[in-house]
Amino acid sequence: MDKKNAGGQNFRRVQIRNARKIGLIFFRRRSCVSNQARERSLDKLDNELIASKNALEVEKKRAEELRKAGEAEKSKNPLLRVPMKELSLEQLVELRDKMVKLREKVCERVVELKEQEAANPSSSVRREGPSS
Numbered sequence: 001m002d003k004k005n006a007g008g009q010n011f012r013r014v015q016i017r018n019a020r021k022i023g024l025i026f027f028r029r030r031s032c033v034s035n036q037a038r039e040r041s042l043d044k045l046d047n048e049l050i051a052s053k054n055a056l057e058v059e060k061k062r063a064e065e066l067r068k069a070g071e072a073e074k075s076k077n078p079l080l081r082v083p084m085k086e087l088s089l090e091q092l093v094e095l096r097d098k099m100v101k102l103r104e105k106v107c108e109r110v111v112e113l114k115e116q117e118a119a120n121p122s123s124s125v126r127r128e129g130p131s132s
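Once you know that position 37 of the sequence shown is 37 in my numbering, the rest is easy, because the numbers rise by one and skip nothing.
Keep in mind that a hint or two might mislead.
[What the hints assert, rightly or not] Okay, the calculated beta carbon distance ranges per label pair:
no., residue 1, residue 2, range
1, L80, K44, 46 to 56 angstroms
2, L95, K44, 45 to 55 angstroms
3, E112, R62, 18 to 28 angstroms
4, S52, K105, 26 to 36 angstroms
5, L87, E64, 42 to 52 angstroms
6, P121, Q91, 38 to 48 angstroms
7, K68, K98, 16 to 26 angstroms
8, E39, K98, 21 to 31 angstroms
[To be verified] The calculated DSS-like cross-link candidates involving lysine-lysine, where the alpha carbons are at most 30 angstroms apart (straight line), are:
no., residue 1, residue 2
9, K61, K98
10, K114, K101
11, K74, K60
12, K61, K101
13, K60, K105
14, K105, K85
15, K76, K101
16, K74, K98
17, K68, K101
18, K76, K61
19, K60, K44
20, K60, K76
21, K85, K74
22, K60, K114
23, K85, K98
24, K61, K74
FYI, nobody ran anything at the bench for these hints, they're computed from the structure. For glycine and all other residues, C-beta sits at the position ideal for the given N, C-alpha and C.
Please build the complete structure, drawing on both the sequences and the hints.
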């Protein structure tokens with residue numbers, strides 16, 4: 001038996017006379033390689049899982065911030081706290097005017113974003129919410 005060094009791995013050269021032992025050794029070597037490949041794929045899946053969990057946490061925090069902002073806005077505007085059916089005509093007119101102003105601001109912002117996207121088609125603009 002001689003010892004040889006191949007790529008940092010020590011192994012022994014042994015003369016094997018039984019054909020079944022040759023198959024068994026080959027099988028063991030192949031399973032070792034397949035185990036290493038399986039471990040790499042598991043590591044990759046673990047990294048993807050961690051990234052997904054982190055993204056989920058970020059979205060949860062963002063949702064909580066949006067919820068708090070919505071509650072703060074409701075506390076600022078008493079018309080938003082009262083059910084629609086209980087509002088008087090004057091309150092409904094006031095609410096409608098505010099909604100028209102909001103719609104105008106949103107339209108202006110959409111035009112602004114489209115202009116930015118047209119000016120810089122290679123840069124990606126982060127879109128919030130579902131696309132329609």
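These are the hints, each one checked on the structure:
L80 and K44 have their C-beta atoms about 48 angstroms apart, which keeps the hinted 46 to 56 angstroms range intact. Range check, L95 to K44: about 53 angstroms between beta-carbon atoms, so the 45 to 55 angstroms window is met. For the pair E112 and R62, the supplied restraint of 18 to 28 angstroms holds, since their beta-carbon distance comes to about 22 angstroms. For S52 and K105, the hinted distance range of 26 to 36 angstroms is satisfied, since their beta carbons lie about 35 angstroms from each other.
Between L87 and E64 the C-beta distance comes to about 29 angstroms, which lies outside the given range of 42 to 52 angstroms. A beta carbon spacing of about 45 angstroms between P121 and Q91 agrees with the range 38 to 48 angstroms that was offered as a hint. The beta-carbon spacing between K68 and K98, approximately 21 angstroms, falls within the hinted interval of 16 to 26 angstroms. One distance hint, 21 to 31 angstroms for the beta-carbon pair E39 and K98, is violated here, with the actual separation near 59 angstroms.
Pair hint K61 plus K98 holds up; C-alpha atoms about 29 angstroms apart against a cutoff of 30 angstroms. Straight-line distance between C-alpha atoms of K114 and K101 comes to about 20 angstroms, which keeps the hinted pair within the 30 angstroms bound. Restraint check for K74 and K60: satisfied, since their Cα atoms lie roughly 21 angstroms apart, inside the 30 angstroms limit. Only pairs whose Cα atoms come within 30 angstroms are accepted, and K61 paired with K101 is accepted, the gap being roughly 29 angstroms.
Restraint check: the Cα-Cα separation between K60 and K105 comes to about 27 angstroms, which is no more than 30 angstroms; the hinted pair holds. Under the criterion of a C-alpha separation no larger than 30 angstroms, the hint pairing K105 with K85 is consistent with the structure, at around 26 angstroms. With a CA separation close to 17 angstroms, the supplied pair K76 and K101 stays within the 30 angstroms bound. A C-alpha spacing of about 13 angstroms is found between K74 and K98, which places the hinted pair at or below 30 angstroms, so the restraint holds.
Distance hint between K68 and K101 is fulfilled; the C-alpha atoms sit about 23 angstroms from each other, no more than 30 angstroms. Restraint check for K76 and K61: the C-alpha separation of about 23 angstroms stays at or below 30 angstroms, so the hint holds. For the hint pairing K60 with K44, the CA-to-CA distance comes to about 24 angstroms; that is within 30 angstroms, so the pair holds. With a CA separation close to 24 angstroms, the supplied pair K60 and K76 stays within the 30 angstroms bound.
For the given pair, K85 sits about 17 angstroms from K74 by alpha-carbon distance, which is consistent with the 30 angstroms threshold. Between K60 and K114 the alpha-carbon distance is near 28 angstroms, which keeps this suggested pair within the 30 angstroms criterion. A hinted pair counts as satisfied when its Cα atoms are at most 30 angstroms apart, and K85 with K98 qualifies at roughly 18 angstroms. With a C-alpha separation of about 20 angstroms, the suggested pairing of K61 with K74 holds against the 30 angstroms cut-off.
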